[in-house]
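Asker: The listed protein sequences derive, respectively, from chains A and B.
Residues -6 to 481 (this note's numbering) make up the first sequence, in order.
Residues 45 to 147 (this note's numbering) make up the second sequence, in order.
Mixed in with the good hints there might be a few duds.
[Claimed, not checked] With a Cα cut of at most 20 Å, we get these calculated DMTMM-like pairs of lysine to aspartate or glutamate:
1) A:Lys349 to A:Asp433
2) A:Lys147 to B:Asp143
3) A:Lys360 to A:Glu344
4) B:Lys135 to A:Glu103
5) B:Lys146 to A:Glu150
6) B:Lys133 to B:Asp143
7) A:Lys349 to A:Asp96
8) A:Lys426 to A:Asp353
9) A:Lys146 to A:Glu103
10) A:Lys349 to A:Glu434
11) A:Lys360 to A:Asp433
12) A:Lys147 to A:Glu344
13) B:Lys146 to A:Asp353
14) A:Lys28 to A:Glu103
15) A:Lys146 to B:Asp143
16) B:Lys133 to A:Glu150
17) A:Lys147 to A:Asp96
18) A:Lys146 to A:Glu186
19) A:Lys28 to A:Asp96
20) A:Lys28 to A:Glu150
21) B:Lys133 to A:Asp353
Think of the hints as simulated: they come from the structure by calculation, not from any bench.
What follows is the residue order along each chain.
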Amino acid sequence: MDYSQFLAMKQEIALLVVFLLVFLYDTFMPQRSGKGLPVFATVLMLIATIGGFCSCCLGGTCSLSAFSGMYETSAAIVAIKNILNIGVVIVLIQSIRWANGPDMAVRRGEFYELLLVTLFGMYLMISARHFLLFVIGLESASLPLAAMVALDKKRYESSEAAIKYMLTAVFSSAIFMMGLSFVYALCGSLYFETIYINLAAQMSPLLILAMAFVLAGVGFKLSLVPFHLWTADVYQGAPTSVTSYLSVISKGAAAFALLVILAQAFGTVYSQVWSWMLYALIILTITVGNLFAMRQRNMKRFLAFSSVSQAGYIMLGVIGFNGTAMAALMFYILVYIFSNLGAFGVIQAIENNCGKVSMDDYKGLYKTNPRLSFAMMLAMFSLAGIPPFAGFFSKFFIFTGALAQGSTAMYVLVLIALINTIISLYYYLLVVKAMFISPDESVIPTFRSSCSERLGMWIAVAGIIFLGIVSCVYNWLLGIGAHTAIFQ
Amino acid sequence: MEITLIFWLVPSLIMFCCGVYGFITRRNMIAMLISLELMLNSVDINFALFNRYLFPGQMEGMFFSLFAIALAAAETALAIAIILNIFRKVKNVDVQGLDTMKF
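Using the sequences plus the hints, can you model the full thing?
Answerer: This is the structure:
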């Protein structure tokens, strides 16, 4: 066996090392030093992230494959893993205070271990070039997440959310694997390459069924409408740190993985089979997500439906099916990480201090906590896509990427997405209105958030303000998108 | 009479549909879990069948089945743990009770 192929897996190995160190620290350090674990894990993850960027800059040619073509990495894949790493670092910084709380004392380590394992599964999903490896990645990304959702053992909602997540996740992966078995029957192999070549010759009803099953399976993970019903309940019931992880990292990884399997395995049947399925899913997702978000009063449920509709926008980068759209998708995920984590950072700080999560409690927040409400306002503006902030640029680029494909149907799709952007403005501004304009006295007292919470929010706010303006970020991703080999 | 692919495929598909039906109609969480197992097992059968009858020269489908069995076991273990946790709180495994969060 050629051991040098493990060099292709630099980022996975770095992540495994982080996992092992966290595990050893958790197991062998004395009880009293347990409070050091969150900072320890965050710093290790930060080092792994910086290492990932360095190897990306210094490595020269990044396109390598391992395990007889089952695993592959390229510049785009390294970049998306780095983007996910940045998100994980912010999530970890924001969760330090929660993890150091009194009822987390016995299961502090589990949170970090499970989180790192799910991230490892997402890496495998993104890098897989064989459906067996993809399914293993998918399962190791979604099963530990169910355990993370159930982490708050004393709260009933947490268990309820976990069983809802678990049952729908297993149901969706059973449907996904059924689809794969049909693909296997058609092509005789589960390698993306072989499927790509063999599908070109045939066009059968079985293929359409298989495609529908595969899209449904991944659609569950991405919470595309009509597979989105678990989202709001799970987001509400899970501990807020887990919710923020679930809403950005898991969604970003699944979106990119879907792009890779659709392009590399099913690329030949783009116009005949899946572009129309995805087209309908995108319209449904954006519209239904928006309409349901309007009537939510719980902030976590509200952000759940907002993230459903954001998943629709992310899918525009998949249906565009070219290098520009892929670059726009990666940029969108990056910006979405910062904007959504900004919002979740504020929610988490308020929940940690006084346990309020309802939008009605946010009335008059500006009078008591001006800085928090300012951070929340920036996050909402960025999610809605108001010009000077990063969210505007990410939406602009993803529309451009979809339009680069050039068909009339795509123009109609982008028009519908644009109309929905205006609708979404209404409910994002509802939060801003509650905080700034509402005359009521705030039920949330003035408090000073902890050091880690403030650091997490500052990073998110800096990202929201600068990512759009500092154009080298998008140029970097566009350069990767232009030279990608994902679209053969 | 020769036993062909279709003789195996039909029972496997019936199993899958039974699983879907059971998942949607059953109210007991354990019964829902069993329905999920039916679905996952029919996937395993499918892979083994297609490998044996359509592509006998290789082992890819068989290996997929092996891994899928392991994954199904892990899923069941985790789901049972969560159900136990719920049972400790409400002394019940009925899905109708899971309604504290809605819409």
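Asker: Work down the list of hints and note, for each, if the structure agrees.
Answerer: The hints, checked one at a time:
| no. | hint | verdict |
| --- | --- | --- |
| 1 | A:Lys349 to A:Asp433 | holds, 16 Å |
| 2 | A:Lys147 to B:Asp143 | holds, 17 Å |
| 3 | A:Lys360 to A:Glu344 | holds, 18 Å |
| 4 | B:Lys135 to A:Glu103 | violated, 26 Å |
| 5 | B:Lys146 to A:Glu150 | holds, 11 Å |
| 6 | B:Lys133 to B:Asp143 | holds, 14 Å |
| 7 | A:Lys349 to A:Asp96 | holds, 18 Å |
| 8 | A:Lys426 to A:Asp353 | holds, 11 Å |
| 9 | A:Lys146 to A:Glu103 | holds, 13 Å |
| 10 | A:Lys349 to A:Glu434 | holds, 15 Å |
| 11 | A:Lys360 to A:Asp433 | holds, 10 Å |
| 12 | A:Lys147 to A:Glu344 | holds, 17 Å |
| 13 | B:Lys146 to A:Asp353 | holds, 18 Å |
| 14 | A:Lys28 to A:Glu103 | holds, 13 Å |
| 15 | A:Lys146 to B:Asp143 | holds, 18 Å |
| 16 | B:Lys133 to A:Glu150 | holds, 11 Å |
| 17 | A:Lys147 to A:Asp96 | holds, 9 Å |
| 18 | A:Lys146 to A:Glu186 | violated, 44 Å |
| 19 | A:Lys28 to A:Asp96 | holds, 12 Å |
| 20 | A:Lys28 to A:Glu150 | violated, 26 Å |
| 21 | B:Lys133 to A:Asp353 | violated, 30 Å |
Hint check: violations occur at hints 4, 18, 20, 21; the rest are consistent with the structure.
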